[in-house]
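Asks: Could you build all of it, start to finish, from the sequences and the hints given here?
Respectively, the protein sequence lines represent chains S and U. Under my numbering, the first residue of the first sequence is numbered 42, with each subsequent residue one higher. Under my numbering, the first residue of the second sequence is numbered 49, with each subsequent residue one higher.
Certain hints may be false.
[Stated by the list, open to error] When the alpha-carbon atoms are kept at most 30 Å apart in a straight line, the in silico DSS-like pairs for lysine-lysine are as follows:
(1) K214/S / K134/S
(2) K349/U / K372/S
(3) K349/U / K383/S
(4) K303/S / K332/U
(5) K388/S / K78/U
Keep in mind the hints are simulated off the structure, nothing from the lab.
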Amino acid sequence: MSEMKEMILDAAERMLKENISKDVVDLLERDDWARGIWALFEETGMFKVAISEEHGGAGGDLEDLLHIVRLTGKYAAPMPYAETTFANYLLEKTNQAIVDKIATYSFKEGFILQNDIISGSLHNVRWARHADYLVARVDSFQGTQIALFDLQKATIEQSNNLASEPRDTIILKEVKPISIAPLSDEQLFYALSIETAFKIALMTGAIEKIYEITVQYSKKREQFGRPIHRFQLVQQHLAQLAGETAIAIAAFHNVCAAIQSKDFLHEIAFARIRIEDAITTITSVAHQIHAAIGMTHEYTLHQYTRRLWSWRDEGRNSPFWSDYIADYLLKQDVDLWAYLTKTIGKK
Amino acid sequence: MFQLPAVQFTEEQEAFRLEVRNFLQAHIKKGTFTPALDSWLSGVDTSFSKLIGEKGWIGLTWPKKYGGQERSTLDRYILTEEFLAAGAPVAAHWFADRQTGPLLLRYGTEEQKQFFLPKIARGECYFAIGLSEPNSGSDLASVRTKAEKVEGGWIVNGQKIWTSNAHVCHYMVALVRTSPYDEKKKHSGLSQLIIDLNAEGVTIVPIKFLSGKYHFNEVFFDNVFVPDNMVVGEIGNGWEQGLAELAFERSGPERILSTYLLLEELIKELKHQKNKDGLKQATKLLAQLWGLRNLSIGVAKLLESGSAEDVAIPASLVKAIGTKFEQSIPEIARLLVETYPNLEAKRKFDRYMAQAILHAPSFTIRGGTTEILYGMVAKGVVEK
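Replies: Right, dumping it as structure tokens:
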């Protein structure tokens, strides 16, 4: 954890809090987004966090970046912050020049390289219609590579996720990339894991917000002459909400701590599986406590629950990581307790 | 309120973990004990407790002058976690180590500390917790067992119930009423007394658990004399003193790992059967355990530095969620591996399954029911 962390996070949270109202989040539904906050983030160097200094970075580490991503989740910030920073993270890790405009990424198979030109299509690419660049996986007989594309050369078909966030189809016809680099299986897996950590950060942020607004609502709303939090059955919901929130936040902190070390894949796997479980409880309890008002578009709860319902099926999700752990347990002769306490092979 | 630290254990802590683990494994091989589920409550073995005492592993965090080792809360966390994962019979000394020691260190007199703590640390002196009464379960502040002042001490009359392992304990820390019961001020007038369970007027009657085994009791007090020097802390301050220790009681690994051995056996069976689909489903349990450990260890870390009040809510959450997790293991395991639960079964999976099923109802009741915990958590979160 860097010393700058507190400072950066305070600044980021202030900007988000002051500038993101319900109307700003709703911009997405009019095919617009939070350009104003984007500009503020640019001015204050939020895009350079975790970029090395030789590439113009502003200091800060991956953990700092994950915390800012968490905050963008907490305020449902309608801008491609996680996408742009992760695209640059990928470029830097594969020794390609980073970009200073809006970027997005995809790991899906779909782009084929033949005779130095690339064609193909990718579905559900985040924010593609608003992005200038795309960092994407490219397959060929030579193996898997990762390339940077100028999206002006692409055809984009618009589509949205459950939260009205852009998830577009990108079609390339015989395009040359700006740059391209090899991507080993190991690098690919590593990148996918870090991408999962970004998603965990976003989800944790949204969960924090749902917890806050739901507790507040239970204090404000009165029925039978008293605030609803005084009813024992509502208290049971609140306690379950608090429990799942606490577990999600602790999971995120443990991912952040583990990511600084070499061995973090299993932490990410457990965190993603557990948070997806938490989402089931949290979204259902939060809506139940809010009752009818929570189902209206006018109220803000859905801006967070719809995001969670979308994000949980994006990227490497719980089934993928369950498969990963099951495979590991099956193939390795591990003692479960040593595995859980991270003391495998130690005597 | 949920910002708990993520703990990375140090190399020294890891070495300590392995030392404990190797010790326990060696004793399992030697046949010193047979691993069993829920061993922190039902695994009484006084000679094993003495063995642990000799190792210096009771009162690990206490001052050296009272027989402790002055080690950290996290070291103790590691130690207890290893006991539980190995299914070691640590029930005899568990409550004295977990509750009585810290209570006396905080509120006890110098005489009490010098008299009790070294004996507890040697694994020779066990304490029962005297809270519940026939008409005071979740409504603990309504306890009626009373102590009346006489010259040189107190005369206790009344009854405690559901007292775990009282039949092997030497003393009880009992919550008793030292001023008359007042419906409007239930929490005042309560005090904590150390009662010698061998004293005249004490009768211990075992209550058979539903499995047919004994580990809890009724304890009757008929004009039992308790000398003044056996009062813990201040007269009338029993409620506050008792509450202070709850974070330790509720957030420990024993609220997560009571059925761990069954989970371990489940994974072994699934691996043996090369059942990948089963393993995939079981990863949900592993992720739950991972998530709970983060919370529980985070609370332990905060307890090391901060006050117990800061962690009261997360500590209650560890117990509320952890005990439900403990209960869920047999329910999920039986769907993944064929079993016929039997306490006498040779196959570990069937035996652990039987132990888990029969002990499961107690997890969400003992030490504060889930309903009481939910109520506390809900009240806590709306106050913040």
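Asks: Hint by hint, say whether it matches the structure.
Replies: Each hint, compared with the structure:
no. : hint            : in the structure
1   : K214/S / K134/S : holds, 27 Å
2   : K349/U / K372/S : violated, 35 Å
3   : K349/U / K383/S : holds, 18 Å
4   : K303/S / K332/U : holds, 24 Å
5   : K388/S / K78/U  : holds, 19 Å
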